[in-house]
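Peer 1: One letter stands for each residue in the lines below.
2 protein chains.
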Amino acid sequence: MTTLLIADDHPLYRDALRGALSLSLPALTLTEAGDLTSTVDILNSEDIDLLLLDLHMPGSNDLFGLIHIRKLFPDVPVAVVSGTEDTQLISKIMSAGALGFIPKTASSGDIANAVQAILDGDVWLPPNLSDSVDEIDEEFSELADNVASLTPSQYKVLCFMRDGLLNKQIGYNLDIAEATVKAHVTAIFKKLGINNRTQAVLIASQLELEPPATSDH
Amino acid sequence: MTTLLIADDHPLYRDALRGALSLSLPALTLTEAGDLTSTVDILNSEDIDLLLLDLHMPGSNDLFGLIHIRKLFPDVPVAVVSGTEDTQLISKIMSAGALGFIPKTASSGDIANAVQAILDGDVWLPPNLSDSVDEIDEEFSELADNVASLTPSQYKVLCFMRDGLLNKQIGYNLDIAEATVKAHVTAIFKKLGINNRTQAVLIASQLELEPPATSDH
DNA sequence: CGCATAATACGACTATAGTCTTATGCGACC
DNA sequence: GGTCGCATAAGACTATAGTCGTATTATGCG
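The listed protein sequences correspond, in order, to chains A and B.
Residue numbering for the first sequence follows my numbering, starting at 1 and increasing by one per position.
Residue numbering for the second sequence follows my numbering, starting at 1 and increasing by one per position.
Just so you know, these hints were derived from the structure itself, not from any lab.
There's no promise every hint is true.
Identical copies look the same in the list; a pair holds intra-copy or inter-copy alike.
Said to hold, decoys possible - Pairs of lysine-lysine residues, derived as DSBU-like cross-links and limited to a Cα-Cα distance of at most 30 Å, are as follows: (1) 190 with 168; (2) 191 with 104; (3) 104 with 168; (4) 104 with 190; (5) 104 with 71; (6) 182 with 168; (7) 191 with 168; (8) 104 with 156; (9) 182 with 71; (10) 104 with 182.
Please construct the entire structure, taking both the sequences and the accompanying hints into account.
Peer 2: Right, here's the structure in full:
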């Protein structure tokens with residue numbers, strides 16, 4: 001039995017995906033999640049053969065979420081579903097370990113083709129874009145690897161750093177001492193090959209689709 | 001006599017623009033610049049009726065360059081020429097004070113139309129995109145205004161901050177004391193309504209098209 | 001079990017960031 | 001000639017960032 005997890009924060013779009021897939025590929029079992037936490041929970045408790053991941057989910061932090069999932073479950077194939085058509089971003093998504101990119105404007109036929117292709121072990125990109133995205137961004141791939149090597153605590157600290165929080169505030173949010181936050185910060189610097197917070201924020205902001213202030217969808 | 005300045009770092013594309021314009025609008029006088037510094041020099045020494053600005057010029061720092069030029073020469077109309085088709089970015093470009101956006105894929109007819117329209121005092125956008133870009137990003141517009149209010153020295157310091165440099169290193173680069181750098185940094189914080197360097201870097205990174213590490217062409 | 005390793009946690013210490021005050025020189029502007 | 005904005009910068013101070021050493025716990029492995 002082949003099981004597929006649809007992770008998207010829009011119930012309507014989940015329904016649309018479910019409808020399109022149950023028609024074209026009725027043999028699939030479909031599961032759903034609406035945020036990153038429940039996505040991780042389901043991946044932990046169930047055997048999932050393919051994850052359809054929307055980058056804009058609550059708690060996902062866009063590309064961070066993809067890297068996070070890829071690190072926790074390297075054996076689960078991931079296809080990213082997103083409204084963007086930015087080829088550079090798609091290149092980053094593929095460099096971060098996604099096996100396919102499905103634009104939200106794709107037809108149900110294309111979606112079914114994409115899912116079938118990835119289940120068969122292929123890589124899938126929208127036909128009109130496959131030319132411009134074929135090459136992998138080496139530099140970004142290394143960056144994604146470095147970020148993936150962060151421990152869960154370090155990952156959280158980096159997220160808060162990217163939001164402009166002080167060490168003290170991060171400690172308060174995570175309920176740990178400021179000294180511990182600093183230890184995590186130092187560890188992050190070593191793993192990312194940098195030596196101060198501004199450079200960390202720059203790297204973290206490269207992993208984000210939209211500026212925090214204007215997330216509007 | 002109407003004079004037009006073509007600012008683009010690709011000699012070939014400058015030639016192409018020159019060719020397209022001299023055919024369709026032979027009454028124009030055309031001038032060229034290959035980087036931001038010489039663009040500013042020419043705007044200082046000559047009367048320019050329209051600037052065609054590529055965002056990816058050396059020293060331009062993408063949107064920073066546009067804001068910089070808009071601040072120094074608020075009376076010179078600017079049309080941005082760029083390879084991107086990202087509607088969000090185009091919206092930012094227009095919010096930062098450009099009067100037109102010309103994609104590099106535009107036909108020579110469209111380019112001539114755009115130049116003529118802006119010279120006539122209109123705003124011009126590619127026909128296929130004008131629907132999705134009509135609204136101005138208020139938040140970003142305010143941000144651009146704030147950045148435009150920076151003095152030249154403050155602007156330079158912010159650029160170096162965005163590159164992850166320490167105050168000491170910025171002082172060395174600009175040949176001023178660290179105390180002066182700190183004074184500028186404090187002034188920048190007040191103008192941008194923030195209170196630490198991380199937030200400044202976040203704002204600065206929103207004004208950049210591509211991450212510094214992956215500028216490729 | 002005994003050992004190694006990684007992750008988390010934290011205090012002590014040093015370096016850097018950031019504020020405030022004050023002061024000087026310069027050019028623009030009326 | 002006075003005023004204003006800007007750039008420069010010193011000194012003194014506080015807050016925050018960042019390093020280092022170390023203790024604790026959990027996890028994997030033979």
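Peer 1: Determine for every hint whether it applies to the structure shown.
Peer 2: Cross-check of the supplied hints:
1. Proximity of residue 190 to residue 168 under the C-alpha cut-off of 30 Å is found in both arrangements, the shortest distances being 21 Å within a copy and 22 Å between copies.
2. Taking identical chains as interchangeable, the C-alpha atoms of residue 191 and residue 104 are never at most 30 Å apart, the minima being 35 Å within one chain and 39 Å between chains.
3. With identical chains, the CA atoms of residue 104 and residue 168 are never at most 30 Å apart, being 40 Å at best within one copy and 47 Å at best between copies.
4. Proximity of residue 104 to residue 190 under the C-alpha cut-off of 30 Å is found in neither arrangement, the shortest distances being 38 Å within a copy and 41 Å between copies.
5. In this homomeric assembly, residue 104 and residue 71 come within 30 Å of each other (Cα to Cα) only inside a single copy, at 25 Å, whereas the closest approach across copies is 39 Å.
6. For the homomeric pair residue 182 and residue 168, the shortest alpha-carbon distances inside one copy (9 Å) and between copies (22 Å) are both at most 30 Å.
7. Taking the closest pair of Cα atoms, residue 191 and residue 168 come within 30 Å of each other both inside a single copy (22 Å) and across two copies (25 Å).
8. Within a single copy, residue 104 and residue 156 get their C-alpha atoms as close as 29 Å, which meets the 30 Å cut-off; across copies the closest is 41 Å, which misses it.
9. Taking the shortest Cα distances, residue 182 and residue 71 sit within 30 Å of each other inside one copy (24 Å), while across copies they are farther apart (40 Å).
10. Taking the shortest Cα distances, residue 104 and residue 182 never come within 30 Å of each other, neither inside one copy (41 Å) nor across copies (47 Å).
Checked against the numbered hints given earlier, the structure breaks hints 2, 3, 4, 10 and satisfies all the rest.
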